[in-house]
Every structure is written in C-alpha cells, then in structure tokens.
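Chains A and B are the protein sequences, given in the same order.
Each step along the first sequence adds one to the number in my numbering, with nothing skipped, and position 318 is 318.
Each step along the second sequence adds one to the number in my numbering, with nothing skipped, and position 201 is 201.
These aren't lab readings, by the way, just hints derived from the structure by calculation.
You may find that some hints are simply not true.
[As the list claims (entries may be wrong)] If you only want the chain B side, here are some residues facing chain A, beta carbon under 8 Å, derived:
1) A220
2) V240
3) R270
Beta carbons: idealized from backbone N, C-alpha and C, even for Gly.
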Amino acid sequence: MRTPSEFTVPKDRRASDSLVSVLGLSRTFDVSPPFLNRLIERLPKRTLKAVTDVSFNVERGTVFALVGESGSGKTTIGRMVVGLMEPSAGNVLIDGERSGPDSRRGGVQMVFQDPYASLNPRWRVRDIIAEPVVAQGGKATGIAEQLLEKVGLSADDAKLFPHQFSGGQRQRIGIARALASNPKLIVCDEPTSALDVSVQAQVLNLMSDLKDEFGLTYIFISHDLTVVRHMADRIGVLYLGRLVEEAPVEELFTDAKHPYTRMLLEAAPRMDAFGREASIPIGEIPDPISPPPGCAFHPRCPLATEVCRRSVPAMQPVNKGRVACHHAL
Amino acid sequence: MPVPVLSVRDLSVEIPSRYGVMRPVDRVSFDIAAGEILGVVGESGAGKSMTGNAVIGLLARPAHISGGEVWLMGQRIDTLATETKRRIRGRRIGMVFQDPLTSLNPLLTVGQQLTETILEHLAVSKKEARQRSIQLLQEVGIPAAAERIDSYPHEFSGGMRQRVVIALALSAEPSLVIADEPTTALDVSVQAQIIGLLKRLCRERGVAVMLVTHDMGVIAEAADRVAVMYAGRLAEIGSVRDVILTPAHHYARGLMASTPLASLGMRRLRQIPGSMPRLGRLPQGCAFNPRCEQATQRCRVDPTPTLSDDPNGRAACWYPLKGTI
C-alpha cells in the first residue's frame, strides 16, 4: 500500500487555511468476470485503478478544479470527497475531520451533472430542496421558498414537479438543494455540461454569486477548459487516475509544465482559432485495466524516454504548483 | 459562380399536434459549395438537427416538409419518390451522427458494413469493395486497417468508432456530408483529431460539409461559414470570422459573448436573460424580442424579419448590429 509520503505541497501553503485535505487517495474497482466464469475459464481477478495516490489541498473560499478526460478519475475523487464512496486507501480531511458517511450530513454537498437524473420526478420541488435538512432531523419550513428565490426561481415554484422545469432551471433546483443544509463545501460534478451556452453562463454566474454570499468553497469537476479557466483559482489535471499537475489557474494556462496539460490546452477548441491547423494529439487514453508501465502518458508523450517507461514520476514543486513528470519543462 | 452542392430555399418543417401546428424549421435558406464547411449553431431546440434531417429526407412522421425546396447538385430532391430519394441519400449524401455506437450495426463487422454500402451504391466487385474499405479505414486514420476491418464496432474505442462512421459516410463517395454533433460525445483530444480529419477530408475530396454543433469553439476551428439558428429560424449567416468577431444579430452577439472565452478575465460572464421559447409558444414578431435588450415596438408587432430585411443580407433583424462585441 502506498503511503501519502509523496504529498509535497510547498511549506508556505501548508500553514494556510485549507478546508479540504486529500491525502494519498486511491480507489480500485473489482471488474473481474463472475466467479463461475473465473473458475471454468481459469481467469484471474481483475481490478481497475480509478484513482491512484492523489493528494491536494483546497483553501477555504476558493475554487479548486479537477480536469481530465473520461476515465481520468475526476468523478470518483468527487464522490469520495463527498463521502458517497469509500476510498480504498488514503484520507479526505474536511476541516481536520475524516470524511465519511457522516460528512454527508450537511457540511459537504454535491451538484450533479445531469439535472434530469438527479431530481426525483415524483417529489415536489419543495421536498427535494428540503431533503438534506429533513434527513438530519432539522426543521425545513420555508427553506425551499427562500432558496428558490436565491437561485433565481420564484417561491411559487416550490409546489411544482421537476418535469415542469427546463434543464437550466433544474440545475438551479439542484444548487438550491445543495445549499439547504448550509454546507461549507460543494462538489460540483460537471454542473453545466448538459446545458446550452447561454444557460451555462447564467448558471456559472449564479454559482459565483452564491459562493461570495455564503462563503462557499467549491471543488469543480469539468472537462471544459474554458469553463474551468473562468471559475477556478487552482486546477488539478488528472490523467488515468493520477494527478499529473496542479497549479494556480493563470500559471497553468500560460506556463503549463506537464506535456499532457500542454496537449489538452492545445487541443481544446478556441473561438479565435479560425482555420487553425492545430498540432493534432496522438493516440487515445489507454485501457485503465492494464495501464502502461511507468508514466501512464509515455506512449503519447513527445518527450518520453527510457526512464518514463520504467518509473512513475513523483510530484515535485515547481513555482506555485506541482508537476509529476521526469522531463517537466 | 458554380452551382452549389446543396441549396436550400425557404425550407419549412411542420409538426401537426393537438395544440396546433408547430414549425421547428421556418423558412430557412442557405447554400454550401464544394469543399466548404458550413457550421450550423444554436441551442437545443433551435432546429439545427431538424434542418439536417429535412435535407436528407429523414424526418420522422408526423413531421414533414411543408414548404421550400432542397437542391442537390442542381437536382431537386425534396419532391422525389421515397425509393429514388433513398438511392440519392445513400449515394450522394453521407451522414455522421453524434453517437457512433448507435449508427453502427453491432452484429456486423466494420468490414461487412463498409462493403455492403459500397456494393449497394458503386459498380464494383466484392474484392474491390473490400480493398476500398481497407483504403477508407486507412484514410480516416485507423491503424492496421487490414486487420481491424474484421472487428466488430464494440472492439473499437469511441474515437475510432467515430472514424469508422466517417469512413462509412464517405464510402459511396458522396458530394455532401451532414455531420450532426460529430464530436459531442468525445474527449477533447479525440475531438481535435476528428475535427482535423473532417477538415482534411473536406479539403482533399472537395466534399461539402454541413456541420451541426452547439460548440462555438468547434465551429471557429472547422467552419468556413456559419449559420446561427434561433427558434427554428435562421438568425444570421456569414463567414466564420464575421459572425464570431462582429455578429450582426443580437442573439448571435449574446451567444458569442456568453461563452467563457469571450469574457476572459471578467468576474462575471455576460448572459442572455431568459431562455429560448418553446415551439408553439413563440412570441409575436421576432422570436428573440422578449430577450433582446434593444427590442422596439416594431420587433414585437411586425412579422418576423428575414435575412432580406438586412441590407447586408446577414442577419434576420430590423436593427442589425455594426461593429464589435
């Protein structure tokens, strides 16, 4: 089992006021074929390492973004931070306390990606929003109406059902529900990727306003780099379950160190890039069940050498961030 | 001027329903020349996909073309009999849909699907068809095409599957390809690969491409011209540079400004208030007037403005914008 020894946040930041500390977090899933098949076909057990040894700190009142492509483990980390999933190894500390099933009771909330799947269609909006309070045995009278006004809907909407709202309005209801138990931290898992551009702008603005008003901290999970650039203070870049780079937003966008981060930034479509002949990325994300040895990015990396095939690079502090690469630029 | 590959004139689609007749596409006109990529953007429900489906005659009943004309290489195709239309669709028009897994048959190998299409539309032998299939797979960038041709769709990754779909769309050497959100289901790095591929094929083969997407970044990178749709109508059409940098329609401007990139360094994103009206509940006059800052009495009362009301022919607006965002 790995220890969180590679946790290399620079000293001056360790003293600062961090709300969330993620320490050496790992999660594996059993993806073996069924028992009888294994027995008859003599197949071994197979595991998928969704998250491997991820460590980071989130300061109070800031937005920490996790970016990565599908299968990079960003949602799995989010679920472990909220306490919806137990880590296989490592810890999540929120305000110094271990995150577990208890942290679900108020301090940490989540906004989900799909506003059509995350609201119970048989419940009225009032009950949906009050649920986090009711679940703790609190008094929820009037909370839904108040919060609906806060997120830009009207108090009268509390008696309606989710299907009577559009996608953007549903996401507002999801945000209101997350606010109900007065949380310190909200994990937002791709909160706008199901929404249209003009609605996305409305929801992102709302989230910024609420953050200031309630003094919230966000962990913002997204694959959209333009959204992340707008929202985040710090960004962690994930590749195949490992954190490969972590830096303040401007540093990452102007001076990325990891070749994967550079590839992502280069590949993202830009609105000012008319007829750009982008250098097209090579290859695709490898199979997470049998990832390449050494640095998982080496088959696609322009800088890869022998050492990258042999050993996994450790996190090293660079400027105000950290990077895990043998040949960090 | 050469005849455009696709010419759509005042195309309207209607859906009769209990609540009256809906018009998801309302008098839309545009041309696409050979070797040109026309981007069609808009929010969900704006009628982008419906326009694409109307062009190829794939409208699901009870939706039907209620007016207008569709011309492909100088031949009118919207009035043809079903069987003739089917042949033209397979031979002259290629389709690429959002989800590559649903547009491939899971029970047939990739090679079977490719050769079947080629044999159906081109006069070649089985052996030649297989040869051509391998060539096509190579051309769309599938490594070891000669071995991969006998694999089933589920054995490919998402990006590779979309390449197979593109190969399939090109297999009968069409003159028009309609790509409906071809990269929406893909990761950023794979998306860049597919966009690069579409651009290369368009240039090398001189195919006209209608690229339907909601992603402004994709449009900026790939398209030569852009059509912006709103509530079933064409709000603006023009060169990609003009529409993105100096939009003339108020909706187009709002759309460009609300992307996070346009508000770089600003604390708040610019936003358009409200949301797009539902079909059947369209406001009188210009469909955008309830959300438009500069709407006047004329916008609320007069019938919908069309592109011909703008002296520059770019925006369907009584008061088109001049200048930058």
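The hints, checked one at a time:
Hint on A220(B) holds. Least Cβ distance to chain A is approximately 5 Å, under the 8 Å limit. Interface hint status for V240(B): upheld, as the beta-carbon distance to the closest one in chain A is roughly 6 Å, under 8 Å. Interface restraint check: R270(B) against chain A, minimum CB-CB distance 7 Å, threshold 8 Å, status holds.
Going down the numbered hints, you'll see the structure goes against none, and every one checks out.
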